[in-house]
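> This is what each chain is made of:
Protein chains: 4
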Amino acid sequence: MPNIDTVIKDLIIANRILAKEEVVDAYGHVSMRHPDNPKHFFIARSLAPDLVERDDIVELGPDGQPVRDETRPLYLERFIHAAIYEARPDVQAVVHAHAEDILPFGIAKATPLRPVIHSGSFIGARVPVWDIADKFGDTDLLVRNMDHGRDLAQCLGSNNVALMRGHGFASAARSLIEVVRMSVYLPRNARALLHAKQLGGEIKYLRQGEIDARNRGYSPYSTETWRAWEYWATKAGCSHMLTKPDHAHGHKK
Amino acid sequence: MPNIDTVIKDLIIANRILAKEEVVDAYGHVSMRHPDNPKHFFIARSLAPDLVERDDIVELGPDGQPVRDETRPLYLERFIHAAIYEARPDVQAVVHAHAEDILPFGIAKATPLRPVIHSGSFIGARVPVWDIADKFGDTDLLVRNMDHGRDLAQCLGSNNVALMRGHGFASAARSLIEVVRMSVYLPRNARALLHAKQLGGEIKYLRQGEIDARNRGYSPYSTETWRAWEYWATKAGCSHMLTKPDHAHGHKK
Amino acid sequence: MPNIDTVIKDLIIANRILAKEEVVDAYGHVSMRHPDNPKHFFIARSLAPDLVERDDIVELGPDGQPVRDETRPLYLERFIHAAIYEARPDVQAVVHAHAEDILPFGIAKATPLRPVIHSGSFIGARVPVWDIADKFGDTDLLVRNMDHGRDLAQCLGSNNVALMRGHGFASAARSLIEVVRMSVYLPRNARALLHAKQLGGEIKYLRQGEIDARNRGYSPYSTETWRAWEYWATKAGCSHMLTKPDHAHGHKK
Amino acid sequence: MPNIDTVIKDLIIANRILAKEEVVDAYGHVSMRHPDNPKHFFIARSLAPDLVERDDIVELGPDGQPVRDETRPLYLERFIHAAIYEARPDVQAVVHAHAEDILPFGIAKATPLRPVIHSGSFIGARVPVWDIADKFGDTDLLVRNMDHGRDLAQCLGSNNVALMRGHGFASAARSLIEVVRMSVYLPRNARALLHAKQLGGEIKYLRQGEIDARNRGYSPYSTETWRAWEYWATKAGCSHMLTKPDHAHGHKK
Chain G
104 MPNIDTVIKD
114 LIIANRILAK
124 EEVVDAYGHV
134 SMRHPDNPKH
144 FFIARSLAPD
154 LVERDDIVEL
164 GPDGQPVRDE
174 TRPLYLERFI
184 HAAIYEARPD
194 VQAVVHAHAE
204 DILPFGIAKA
214 TPLRPVIHSG
224 SFIGARVPVW
234 DIADKFGDTD
244 LLVRNMDHGR
254 DLAQCLGSNN
264 VALMRGHGFA
274 SAARSLIEVV
284 RMSVYLPRNA
294 RALLHAKQLG
304 GEIKYLRQGE
314 IDARNRGYSP
324 YSTETWRAWE
334 YWATKAGCSH
344 MLTKPDHAHG
354 HKK
Chain W
104 MPNIDTVIKD
114 LIIANRILAK
124 EEVVDAYGHV
134 SMRHPDNPKH
144 FFIARSLAPD
154 LVERDDIVEL
164 GPDGQPVRDE
174 TRPLYLERFI
184 HAAIYEARPD
194 VQAVVHAHAE
204 DILPFGIAKA
214 TPLRPVIHSG
224 SFIGARVPVW
234 DIADKFGDTD
244 LLVRNMDHGR
254 DLAQCLGSNN
264 VALMRGHGFA
274 SAARSLIEVV
284 RMSVYLPRNA
294 RALLHAKQLG
304 GEIKYLRQGE
314 IDARNRGYSP
324 YSTETWRAWE
334 YWATKAGCSH
344 MLTKPDHAHG
354 HKK
Chain C
104 MPNIDTVIKD
114 LIIANRILAK
124 EEVVDAYGHV
134 SMRHPDNPKH
144 FFIARSLAPD
154 LVERDDIVEL
164 GPDGQPVRDE
174 TRPLYLERFI
184 HAAIYEARPD
194 VQAVVHAHAE
204 DILPFGIAKA
214 TPLRPVIHSG
224 SFIGARVPVW
234 DIADKFGDTD
244 LLVRNMDHGR
254 DLAQCLGSNN
264 VALMRGHGFA
274 SAARSLIEVV
284 RMSVYLPRNA
294 RALLHAKQLG
304 GEIKYLRQGE
314 IDARNRGYSP
324 YSTETWRAWE
334 YWATKAGCSH
344 MLTKPDHAHG
354 HKK
Chain Y
104 MPNIDTVIKD
114 LIIANRILAK
124 EEVVDAYGHV
134 SMRHPDNPKH
144 FFIARSLAPD
154 LVERDDIVEL
164 GPDGQPVRDE
174 TRPLYLERFI
184 HAAIYEARPD
194 VQAVVHAHAE
204 DILPFGIAKA
214 TPLRPVIHSG
224 SFIGARVPVW
234 DIADKFGDTD
244 LLVRNMDHGR
254 DLAQCLGSNN
264 VALMRGHGFA
274 SAARSLIEVV
284 RMSVYLPRNA
294 RALLHAKQLG
304 GEIKYLRQGE
314 IDARNRGYSP
324 YSTETWRAWE
334 YWATKAGCSH
344 MLTKPDHAHG
354 HKK
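Chains as they are written, first to last, in my numbering: chain G, 104 to 356; chain W, 104 to 356; chain C, 104 to 356; chain Y, 104 to 356.
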């Protein structure tokens, strides 16, 4: 089991990667379940992900409230994370973001987002679209409380990603590295599908068997997964924070 | 009430942010109403926004002319600002720019630009398109005098943004931070709508109630607004110029 | 009349700007007519524009051949420049480039490229498409001699830009600053038109009277033109090479 | 014949160029046939191409296995390279990558990728699409063994590029410089064709005679080819590693 210091360093790296890869901008956030206390999770206080440092990470409880005295403002939408951790014991990490190229698929009803490229397989065969208006009517579209969060989590179900109409997406995975990777390739898969539609004719989506085969082969600390994590962290200027697992072979420097 | 020095520092930050976020290039400008003298406004002399420094800010009067001796050239289109301040006492800040991705919506008549993403809500339900040719015939498309400016301001009406056919847009807001934020998300909303149209089928625009709800919740110095301003200023290399309002909690550095 | 040293410094700046603004990459070139000897012109030897320095500028004669001993290789397509200078005494500067976003308009026959945005007005109402195959059959598409060059110049006629099918464009203007500016805004105008077509419905092109009005108002050393030149040179890292004309007011640094 | 040290330096440059030009990210790889032992080839160990250094290059045999003791993990898909070298004695260098803009052409069945721009001519008149599912059914889409690799090589045939459905492409050429150049311009050609299709009407593809003429004129160490290699290496920060062939004239620095 990783120690807390490593978990938090990895969470900072995740924040920086998501900023550098333009999945988040000033908005959007990534969290990680507490490894020793599965009812809690770590997330930054209200701050642009690219600026997050060690002291900015806070520990929140199952209701999305801080477990220690905290005077600094928190993300309004931290309930996305709290509700998904509550509903999905298998989930260890969550991302919420507004990555631009997934937005059209939440707005246009005709074309569901589905995996078409191998690096997009992890989004799963079905990506439901959650519309906050269906249950809550006219809102500011933000997930401001546990009721909102639980409705989103219900829509997500056992899937890995839910689009949020006119807003963004929530993704959930078995590890921090996996949720970051999925969140980076999600917009790329969306662009590939958008452009394939423009070319016209029949689209060859990934087959269910292919999605399953890729899922079976996935390991968050495989050489191939580590390769991307190491590369993205280096691009984002935080290679010095990398903690290499014993069984991963990486760059010698 | 903010002092003049702070206002001008914020205006410089706004110039740099708009350049970094590619809302402006060599052209385009941002202004702010004088906090003590609402008939005057601050704007840079004729200079690319990314190069604007303290001494480049000039004070213009209601006719768009400098209130002090000024030998340096001014923006030809400063009348956009003068006319909007004249017509709209509620407006504290104005942007004019040519951001590329809004241009198609001023050129193609079939698809009005409307908010489809939550960060685009502030452009408002209706974005009128001003065509200078309707009243002035064949011109060089520039807003070269108060007549042009007033016609544009009339088209803008009580809306937040007017597209200018074959040219760009003018946006107006209750604060500098708000007008910058709106101008950054305007092209993003335009891209999301363009791509959603390409996916085909029915488009889910923001509902009027959603636009209203977001508008009610907006505050220029909220934690969430400050988060973006701080992030953009940092990206644009001028975090050292930030003046944090007492009630905003930001990055400790 | 500018001295030769200033002309050459400006030509180096033009090379760097076109590279930074992604009009050229390893390929593409910009030239300037010799101010004292209108039958000659300056252009770099065969080198990526971003790497061009003082010693890389060569002087070519009306046949596109060097007027002094030159052992270094020259651009294969220097005949584009030679032929346009020959045919068009009014032209002082020429660009040839492969800027990506104009390519579709040379390939798809249905949609002519025309100005739709005010900064694109200088390309002129008509942008002919030159197809080397029409006269020369199967070639490698390169303008390898004066015959090719003259055929292209004939297609260009009195226009400012000719697209070259499956290859790129050639643009010609009354000044170096103007040809650079036109070459930077040409792809932007192309993107605006492509996206407007995707939105569907009627397109509002610039009116002939608008193109004429903008053309009448243009001066290569106006404040507005200088503003872009200064900004682009600064972005490209060569603001220290700027030579400000007496009648232009620029950045104090 | 180049010495091994030069070959390996060039291979490192190729890795960095492909990363900088966004042909590869954490994934994708480039290899070069051993100049003295044509049954062997050089490729990096499993590492993001942008991070590859001298010690990361390994020598693999005809079965894609290392010819020396090697404890570090290797690219899972090295069999793409091994199988193409086996099938194509003319091929000296191979790239496999997931460059985003070619993906739609492997997914949408209606529009074959064909050269439309002169810099895209080297992909050849026919770009077959290999679908791993045709022979191997449900897989994780990776080329994990020689059987997969040989099936891909068979689909490639005597062509220069094969698209891999839902995955990426494999390209093969007579020299390292050529395979890099082809891999950089392949996505650009794809974008030009995609956008031309959006403009509608008839598309003017390159003619067979034009493709042939360009192919005849191509030399990996011509001034024109070297110009791009030098420029890209400089952009990628490794101009100091360039080895200029005697007959190429380059930048003096």
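A hint or two may mislead.
Identical copies look the same in the list; a pair holds intra-copy or inter-copy alike.
[Stated by the list, open to error] With a Cα cut of at most 27 Å, we get these calculated DSS-like pairs of lysine-lysine: (1) 307 / 238; (2) 212 / 112; (3) 300 / 238; (4) 112 / 300; (5) 338 / 307.
Keep in mind the hints are simulated off the structure, nothing from the lab.
What you are looking at is a predicted structure, and each value in this text was computed from that prediction instead of being measured.
> Identify every previously stated hint that the structure contradicts and give their numbers, smallest first.
The structure breaks hints 2, 4 and 5; every other hint is satisfied.
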